[in-house]
Amino acid sequence: MRISTQQYYETSAAKYQNNYSGVVKAQEQAASGVRVQTASDDPVAAQRLLMLQQQKDMLTQYSGNITSLQSSLTNEESVLQAISATIQAGSQLALRAGGVTSDADRKSISVEVGALEDQLLGLLNSKDAAGNYLFSGSKTDTPPYSRNIDGTYSYQGDENELSLQVSETLTVRTGDTGKTILEGAANTSRTQSTYTTPAPVPPATTPSQVDDKKVAISAGLVTANADYNKSYADGQPYKLTFTSSTQYVVTDKDGTDITSQLPGNGTFDSTKEGSASVNLRGVKFDISVDLTDLATGPDADALVAGREFTLSSKPDTFSVSRTASNTSAAQLTSGTVSNAGKYASTFPTNSGVVIKFSDTDSSAYEVFTQPYTANSKAIDSGVIDASDPLNPKITAAGVTFNLSGTPNTGDQFAVGASTQKTQSALDTLGQLRMALEQPADGIPGARVKLQDALNAAVSNLTSSSNQVDNVRGSIGARENALTVQASENESVSLANKTTMSALANIDMGEAAINLTLQQTMLEASQLAFVKVSQLSLFNKM
Numbered sequence: 001m002r003i004s005t006q007q008y009y010e011t012s013a014a015k016y017q018n019n020y021s022g023v024v025k026a027q028e029q030a031a032s033g034v035r036v037q038t039a040s041d042d043p044v045a046a047q048r049l050l051m052l053q054q055q056k057d058m059l060t061q062y063s064g065n066i067t068s069l070q071s072s073l074t075n076e077e078s079v080l081q082a083i084s085a086t087i088q089a090g091s092q093l094a095l096r097a098g099g100v101t102s103d104a105d106r107k108s109i110s111v112e113v114g115a116l117e118d119q120l121l122g123l124l125n126s127k128d129a130a131g132n133y134l135f136s137g138s139k140t141d142t143p144p145y146s147r148n149i150d151g152t153y154s155y156q157g158d159e160n161e162l163s164l165q166v167s168e169t170l171t172v173r174t175g176d177t178g179k180t181i182l183e184g185a186a187n188t189s190r191t192q193s194t195y196t197t198p199a200p201v202p203p204a205t206t207p208s209q210v211d212d213k214k215v216a217i218s219a220g221l222v223t224a225n226a227d228y229n230k231s232y233a234d235g236q237p238y239k240l241t242f243t244s245s246t247q248y249v250v251t252d253k254d255g256t257d258i259t260s261q262l263p264g265n266g267t268f269d270s271t272k273e274g275s276a277s278v279n280l281r282g283v284k285f286d287i288s289v290d291l292t293d294l295a296t297g298p299d300a301d302a303l304v305a306g307r308e309f310t311l312s313s314k315p316d317t318f319s320v321s322r323t324a325s326n327t328s329a330a331q332l333t334s335g336t337v338s339n340a341g342k343y344a345s346t347f348p349t350n351s352g353v354v355i356k357f358s359d360t361d362s363s364a365y366e367v368f369t370q371p372y373t374a375n376s377k378a379i380d381s382g383v384i385d386a387s388d389p390l391n392p393k394i395t396a397a398g399v400t401f402n403l404s405g406t407p408n409t410g411d412q413f414a415v416g417a418s419t420q421k422t423q424s425a426l427d428t429l430g431q432l433r434m435a436l437e438q439p440a441d442g443i444p445g446a447r448v449k450l451q452d453a454l455n456a457a458v459s460n461l462t463s464s465s466n467q468v469d470n471v472r473g474s475i476g477a478r479e480n481a482l483t484v485q486a487s488e489n490e491s492v493s494l495a496n497k498t499t500m501s502a503l504a505n506i507d508m509g510e511a512a513i514n515l516t517l518q519q520t521m522l523e524a525s526q527l528a529f530v531k532v533s534q535l536s537l538f539n540k541m
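Yeah, the sequence shown ends on 541 if you go by the UniProt record's numbering, and it's all consecutive.
By construction, these hints were calculated from the structure, which means they are not laboratory data.
If you're wondering where the values come from, they're calculated on a predicted model, not measured in any experiment.
Treat each hint with caution, since some may be false.
[Said to hold, decoys possible] DEER-style ranges, computed between Cβ atoms:
#1 Pro348 - Thr142: 18 to 26 Å
#2 Gly341 - Val320: 16 to 24 Å
#3 Ser351 - Lys239: 34 to 42 Å
#4 Glu168 - Gln438: 57 to 65 Å
#5 Pro439 - Gly382: 40 to 48 Å
#6 Thr327 - Thr74: 50 to 58 Å
#7 Met434 - Ser351: 23 to 31 Å
#8 Thr419 - Asp141: 27 to 35 Å
#9 Ala224 - Ala130: 38 to 46 Å
[Claimed, not checked] Here are the simulated lysine to aspartate or glutamate pairs, DMTMM-like style, with alpha carbons at most 20 Å apart:
#10 Lys214 - Asp269
#11 Lys230 - Asp257
#12 Lys127 - Glu77
Each residue gets a CB set at the ideal place from its N, CA and C atoms; glycine is no exception.
Assemble the whole structure, with the sequences as input and the hints as a guide.
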């Protein structure tokens, strides 16, 4: 086969160029220590390196998230520690108030309680370094708690807990909501006792007893939630009737005598501390009898016997607010549960409802779960009950409200429910402060109410303190999880770095040998080209 001079020069030049490129590549690899500089160097290794680089970037992000989380949780733990100390200080003041005998001293303690109340409100409305509220959930620009006109407090945040991802499979909460910290604390003072004047005993035409405050039963404290939920709630209201100064009978809502089910079988001793309690299905009621001017016996029995008390749970309460866009002055008031079954199955006590009057008929309305949107579906509906023209009513999800004024089409009302099942430490401190401000010296029955308030404060603040401690415990668990995950991420990062190095970097000894080889090949091609290019038919062999 004959090869033209043109072909020879082109082939030789291409070979020379390839050898030169090989030397340049070998020099770059030797200088940088990197074997895979472009995807063409090793397509398989390049693909793996790309995946490893993405993993490396994610690990870097995870590391930043862990650092941010650790800072956030440390900040929250510091605030919760202060909250816990404030709650405990309030409990100590309640205990101290129990030994105070004058209105002036109790009022002085109420000032201290008020200061703790303000301090707790400030702590719950704490912000982080970025100016975001710690305990508002996703509503970071909204103060979690606000004080209402009546002295109670409302949680304004939401229940959406923010979180950050710290590994492919693990996400950790950045903080907790006020709902989690305080609103979940069980309210142990959610029962009540009411003196009931017995019916006249024939042939008498007047009640056999009047409430002279000589005999009283405390509002009660829940001591066993399971028994309360399982038995007490179903049997209420109960009627306790004293048969003497040492005995009583208890009947449930159906009139069934359940005295034999109670510890002590209906006996008590008002002269001995701790011996005058009624432990009724998870609720403890204390009996107090004032026998100052009487000895035990027939006279004492005559004073006590026949008195009746109703023992029950505190009813749910409802707060109503008009929507600003309402065109009428109508208002809903005096919400009461009128259908317990429907209320339990339909009314969303956690979020509340929106009552919206029809856009075409102002006498008809629909009920929606909050928050209300254009896509919300009604959970109930009805029309205004005008059977009593002077007192119109509406019933929404088992709750009946009085209606004042005439609503216009499209009017809306937001309704929130307080179930008494839980109570925040803010409300507990507020109730304690107001109870200590009330005069009790020389007022019949006032001391019993005061003692109820003190007992409720101590018990509920303990419940709130336990709730805060639970949250602090969860913070510790999250911090431990972050420490473990940081170590795991570090191990993965090290393995990632090692693998990337093995794939991308070159062995320097190998690089030196390869460079020498490439240079030798280049020199050989140069010599061969020069030698061959000088040959012609006229050269002598």
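Verification of the hints:
Hint check: Pro348 to Thr142, Cβ distance near 21 Å, so the stated range 18 to 26 Å holds. Checked against the given bound of 16 to 24 Å, the beta carbons of Gly341 and Val320, roughly 23 Å apart, stay inside it. Between Ser351 and Lys239 the C-beta distance comes to about 35 Å, which sits within the given range of 34 to 42 Å. At roughly 59 Å, the beta carbons of Glu168 and Gln438 sit within the given window of 57 to 65 Å.
Our hint of 40 to 48 Å for Pro439 and Gly382 holds, since their Cβ atoms are close to 46 Å apart. The supplied range of 50 to 58 Å is met by Thr327 and Thr74, whose beta-carbon atoms lie about 51 Å from each other. Under the hint 23 to 31 Å, the C-beta atoms of Met434 and Ser351, about 28 Å apart, fit the expected range. Separated by about 29 Å at the C-beta atoms, Thr419 and Asp141 satisfy the suggested range of 27 to 35 Å.
Checked against the given bound of 38 to 46 Å, the beta carbons of Ala224 and Ala130, roughly 44 Å apart, stay inside it. The hinted pair formed by Lys214 and Asp269 meets the criterion: a straight-line CA distance of about 15 Å does not exceed 20 Å. Annotation: proposed proximity of Lys230 to Asp257 holds, straight-line Cα distance about 18 Å (limit 20 Å). Taken as a hint, the Lys127 and Glu77 pair is honoured in the structure, with Cα atoms around 13 Å apart against an allowance of 20 Å.
In the structure shown, no violation is registered for any of the earlier numbered hints.
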